[in-house]
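Just need the whole structure built from these sequences, with the hints factored in.
Just so you know, the protein sequences line up as chains A, B, C and D, in that order. Just so we're aligned, residue 725 is where the first sequence starts under the working numbering, counting upward by one. Just so we're aligned, residue 8 is where the second sequence starts under the working numbering, counting upward by one. Just so we're aligned, residue 15 is where the third sequence starts under the working numbering, counting upward by one. Just so we're aligned, residue 52 is where the fourth sequence starts under the working numbering, counting upward by one.
In short, the hints are calculated from the structure, not lab data. Incorrect hints may have been included.
Sample of chain D residues facing chain A (criterion: CB under 10 angstroms; computed from the structure) [claimed, not checked]:
| # | residue |
| --- | --- |
| 1 | 245 |
| 2 | 251 |
| 3 | 254 |
| 4 | 255 |
| 5 | 259 |
| 6 | 266 |
| 7 | 269 |
| 8 | 325 |
| 9 | 326 |
| 10 | 376 |
Just so you have them, the derived chain D footprint on chain C, three or more residues with Cβ under 8 angstroms [what the hints assert, rightly or not]:
| # | stretch |
| --- | --- |
| 11 | 281-292 |
| 12 | 335-342 |
Where a beta carbon is used, it is the ideal one built from N, C-alpha and C, also for glycine.
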Amino acid sequence: MQDDEAEPTTGEAIALDAADLEKTFGGVRALRGVSVQVRAGEVACLIGENGSGKSTFVKIVSGVHRPDSGTVSVHGQPLAGGDPREAIAAGVQVIYQDLALFDDLSVAENIAMNRLIHDGTRVVRRSRMREIARETLARVGVELDLDVPISSVSFANRQIVAICRALSMNARVLFMDEPTTALTTKEVRRLLRIVAELKELGLAIVFISHKLDEVMEVADSVTVFRDGSKVGDFAADQMDTGQLTYHMTGHEVVHEPYVRSQDDDTPILELDELTRAGHYENISLSVRPGDIVGVTGLLGSGRTEVALSLFGLNPADSGTVRIDGKQVEITSPIMAMKLGIALLPESRQEQGLFMGYSAERNISAAQLDRVTTAPGILSTRRERELAREVISFMGVNNREPRTVVGNLSGGNQQKIVIGRGVSMSPKIYILDSPTVGVDIGAKAEIYARIQAMARDGMGVILISDEPEEIAANCNRVVVMHDGRIVERLDSDDVAAEDFADRLGSLITDPGQTSEGHTEARL
Amino acid sequence: ACGSVGESGGGAAGSDGNGGGDGGQIEIGLVPKVEGISWFQRMEEGVTSFDEDHEDVSAFQTGPDSEDAAKQVAVIEDLIAQNVDAIVVVPNDPQAVAPVLERARNNGIVVVTHEAPALAGTESIDLDVEAFSNQEFGEQMFAPLAEAMGGEGQLVGEVGSLTSETHMAWYNAGLDYIEENYPDIEVVSDQPYEDNNSDSTARSNAQEILRAYPDLAGFVGTSVSALANFAAILEEQGNTDVATSGLSLPSIAGPYLDDGWITHAQTWDPAGAGYVSCYVAMQLVNGEDVATGDDLGYEGYDDVTVEDGIVSGNATMLLESGQFSDGEYPF
Amino acid sequence: MSTATVSTTRGWIRRLRGVELYLAVVIVVYIAVVGIVNPLFLDIGTLFDMLRSGAGVALLALGVLTVLVSGGIDVSFTAIAIVSAYVGVRTALATGIDNLWLILFVAVTVGTLLGALNAVIIYAFRLPTLIVTLGTASAYHGAMAVLLGTTSYSRVQMPQSLVEFGVVDILRIPGHGGLSVYVAIVAFFAVLTWFILQRTMLGRSIYAVGSNEESASRLGINIFATKLFVYSYTGFLGALMGVMYVSQLKYVNPVSLIGTELLVLAAVLVGGVRLTGGVGTVLGALLGVVLLRLFVSTLVFLGLDSNWNDLFFGSVLLASLIVMYYRQRARNRRALVFATT
Amino acid sequence: MVEKLRTILRYESELIVLVVAAVITVVLFAAFLSVEFFAPANLQSMAIQMSGFGFLALAMGIAMLSGGIDLSVVSASVLAGIAGASVVSGRFIPVTEGNGVQLALLGALTCVVVGMLCGLLNGFLIAKISIPPILATLSTMILYSGIGMAATSGQSVPVVVPVVGDFVNATFAGVPAVFLLLVLALAIAGFVLNRTRFGRRLYLFGENQVALRFAGGRTERTILLSYVMIGVLVGVAGIIMVARVNSARTGFGESYLLQAILVVVLAGFNPYGGRGRVGMLVIALLLLQGISSAFNAMQLSPYFTNLVWGALLLAVMVGNYVARQHRPRLAPKPGPEPAQSEEVGTR
Ligand SMILES: Nc1ncnc2c1ncn2[C@@H]1O[C@H](COP(=O)(O)OP(=O)(O)OP(=O)(O)O)[C@@H](O)[C@H]1O
Ligand SMILES: Nc1ncnc2c1ncn2[C@@H]1O[C@H](COP(=O)(O)OP(=O)(O)OP(=O)(O)O)[C@@H](O)[C@H]1O
Ligand SMILES: [Mg+2]
Ligand SMILES: [Mg+2]
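Spelled out as structure tokens, the structure:
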């Protein structure tokens, strides 16, 4: 194993020099003496499992957190730390993992705010705001309605806004903390191109991602974190994803493609011409035991809306749903759950978890009935047993059921929500973007669990943006666009060599099969 | 009629309860409707001077911070628990304090009220002290007003609250008097308006009343806020068509009387009421009577009437223009 | 922050206008109804009266708006108002300098400082604003009562400059009364507040902080400075209101005014300002005040018996809230917003 | 044992801060007050005073658990009291020798039912119309007192059945019956909130109502039910109030509203929901009642009491803040944990 410093690609000056950073959060050592150097004109990728300290590193450099010890300097100028303004003044810009946008402010204002603050503006002119916004958006090559509030913009576009906000400043060091989680292939391409351009301009860029192919594409050097320590710096051109994965996780990770092995072909779930005006149209679909049906498409293609309808939260206007051959009208989540449908919601923070509560409370929340003794009376013992069961089945790293979930890493949080659904032993499990922001290791474990469930006869609907994810897990796939199903692929298509690539182009350019338009809705 | 009281052994029991290590002093606690407003600050002056006049008595005032019967009950309960010898109460709601006062008496505490004639003669209190007869006070309030109106025209009234026993007693007595003597005066609202003793409510009521009844000839306010704010609005509008009368304080009514915006105002001195109530309480604790004709040691109460459990003085204080030299108001 | 997704419809701006439009319609209809029942209501003088008596509440509402937009709640502004005004009055009486400017200066200084103290406590200890202001309201007023007493001053005892200030009119129409200088003061501060909130970076920072405080601090917005301004400004407006209040009543009663804070808060919330921050306009807040003032001050014109006051007021308020929120609920459902309240 | 103690020290900082505040207060009282203050008679009187108010505070606390607030608690309990008192006023049903007890029970039932209906309306407005709780209950606060006012013209409704008053004075082993009733209610509420499905849902709703909906919780029904439960408590508070003053009248007890909010936040309930424990509420209630009675005994001005309450609230909150700086990152008990995230947010 090579642990030596990667040779700098250019002779440029050191833009960012972070030395011996230590940070502890109430007992959790998030960073243990990490040193990172990035040169101007270099793209340094930071990878590591969930909770390995990547975001913490970013937040320390950008002044959100003050390090317990260690120093940061930007272009030779030392920062006192703990003050975002100081870092921004020194040229540090960050696209945060959680985007850090203002829901109630308009797109234009969200983009321009950064600039206006640091230009020392006192009186705001709306025209100036729009001008800044328009300029930066043009740079990224995206058009957005400038006057709508961020809360009404799709997550992908929010990510764009966050990127633009960072670009609106003349940054010298740019951090991108998982900037592509919600972007589809097309937008990712564009972003990576921008990264390359910025690099040419002499910026030092720190790029964080769990998607190793992206990393391999842009990185000059790769820094691997594990458990708050740095494993090492590697020159990107001497590495492949396998090696990186090994450094990150300490073991090999392989995705076994899923092959359905059930022989009962009677569908458990059938959708027939399901329609909800303005959301989706004429959706027909069937799921058999052991199926993992991939549903993919651009953001706003109506996938989540269909899922919500099946979960009783978005009543369909017309069409039918049959479960085990019986027509049903699903009007509430409880009813959906009684019918054997479970849903992993899209946003684990807002819809999935009670962030301030313990893992056991989060797990029992969906099936309080199962942890009661006498009618309506909770049993702490059963609750804990259930939590232990889920935690061990999902392989959550922190085995203490009393841990506050807000303190778990993203991957482990996701395991908790998924496990909660699994423990209900549903007939149909709808997983809406189950691995967003989840690291490779955890991803593989999640895939393994999903496949195990399907093998036991559960029907799974897997909504995902990532062709690789679909390819690795699904035996059937539908591609949606603009609220309609535009393509259906069966097990033979999926088994084909070039499936992931084909799917990728189907998603990005659904025009191949329909005359649809690529404007994102909802 | 010999209006002697003391039918209960309250006096004696009170003295017994007094043995608790307070140097043999008689402890009297006066509970006002609310602490901190000028009326009851003036009353406290009366209590304090009573305390100073009587060596063997420790009299004090303690009350709630808002005019809420519930809080007043709590204060009384705390006094009972401290085992004082006598409690004097100016109730926000006589009905509401009745049970707790009864409990006080059962514990051998002497109970005297002020402004609560409804409780007179009940098990709840020993005696009620009134500065005057409420009926007379009401007639006194309305008579000069009717006169000033020339015996005709529209009249509107405003009270502190419709639930205030004394305010309604004055208002109704006044109405009866008008009905009898001035048939040409028309009372335009079914019920008097209400200001909840809030100056801002009284103020906007005044504005609205003047707009809604452009021909108004007379206004009577039984609360201090009502009269003062009505006069203030008349002054602001330069409106000299409306005669006004009601309850007020010297310091508030004084300037308006001088300038003619208030036609007639009357009151009684809360210090006197406080002093005399404590006096009555002391007498009862000492096992002595209060009887018609007694002099209770304060102006206006030098020849009281005791009837049906009510000790009435003759302490109506008519406020007149130029009565006090500038700024020298007693309260 | 556990408060999850709130309203996510497309027409945010349109919807905000919606609240204002809705309020305006309700106000007009209500005025028409009262006017029909009692034509005397439709007089320019009535308008003058209402503007004057609503002026104080409007000033408070501007402060409350600012606090709410920043994501906080303040229930101490009435306490600050009366405490500041009382300190101002007592200063004038103690020094014998009967000057409006002195009183105003002392009052707004005290008010601003008390507001600033709120901000310091809130910021330094990361405490919920409701709790802090509940505590300080009690403490400020209690401290005043303990240190200065609660003596009230009548028209002749209080500084005469205040009495005169209360009756200054900027426009008089014989027979219909006059337009109080208070209206000009409120208009000035309404425009100022609008300008600060909408047109300055400070104001935009207030919205940003109310929308997402964590993000705001990461962008380098000075959270402390923003909060310091918000609470100080509210204290300032409160103090000004306090002085106007005692001037108007020509009576200085240091135990009044307290207890009306919830109504002011309600007025502002009815005006479409969001309780959890980030959303709200000056126009909305002022319309909310107008609506509530109308409800409480038309009973005489309607000839309603005082006993029916609250029943009437409560029903009308509730009815308008039901209409307003039921529509929003339906919209939210379609937009897949899942919060119940 | 030592381990347990250590756990308590580490996780229960809010409890400790409040207990320390209470102990300091009691010690100060002991220093400044005569022994009489701690005499049974005084303790009894405090217990009685606490009872009615305790029910209101508990009701307010439940509202805050879900991130709501109920500004109508006092006016609803007065309305309930008026309805109940009407039954025993002899106005509608003649009171005879024999029917006193039955009438009293009927009156009590009426109180509870009316309280429940008031809560039901609040719950409906909040859960089914989605009016923010603060606005919904502010309007019903006005509405309920309006109904009471219109029905009684503001007159006091007297109680003529003597058992009603006896109820307040009744004691068991020296402990007032009404206080036992409060203790019972607190115990039941504590159990329901901590150990039942419904209680859990309420906490979960307060923490993240959207996540609860996705977890299949009937969110609207939970909220509706919680306000009905509040209504029942408020109805019982009405009974106690009526019994204490042998009458009912609008406007009674209005000043208890802010006090109820104060005691609940002092007990560590988070106005944004999801946090708060009945046990702490008990301590806060005792603390506030103790201070109020002691200051009355010392003849201190009620404004001074306000000053101390305000200062105490701030001191306890600051104490919590300091303690929180040292809190480990584990949730303590299955009980509603007071953990807070490290975020800058101060809402
Ligand atoms: N504000 C905080 N308070 C407490 N613990 C924290 C805080 N921020 C991070 N941590 C903890 O520090 C560790 C590192 O977290 P960090 O967010 O840096 O991980 P990461 O590498 O960015 O993970 P991911 O890939 O999921 O984004 C985790 O264990 C996390 O729980
Ligand atoms: N966006 C939405 N927000 C809230 N509720 C929604 C939404 N969309 C649909 N609903 C439906 O509204 C209904 C009420 O939801 P909830 O489960 O909270 O009520 P409940 O307490 O079960 O009501 P009930 O008492 O009628 O059973 C459910 O059928 C729910 O699915
Ligand atoms: Mg991260
Ligand atoms: Mg009263």
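Quick one: which hint numbers does this structure break? Sort them smallest to largest. Failing hints: none at all.
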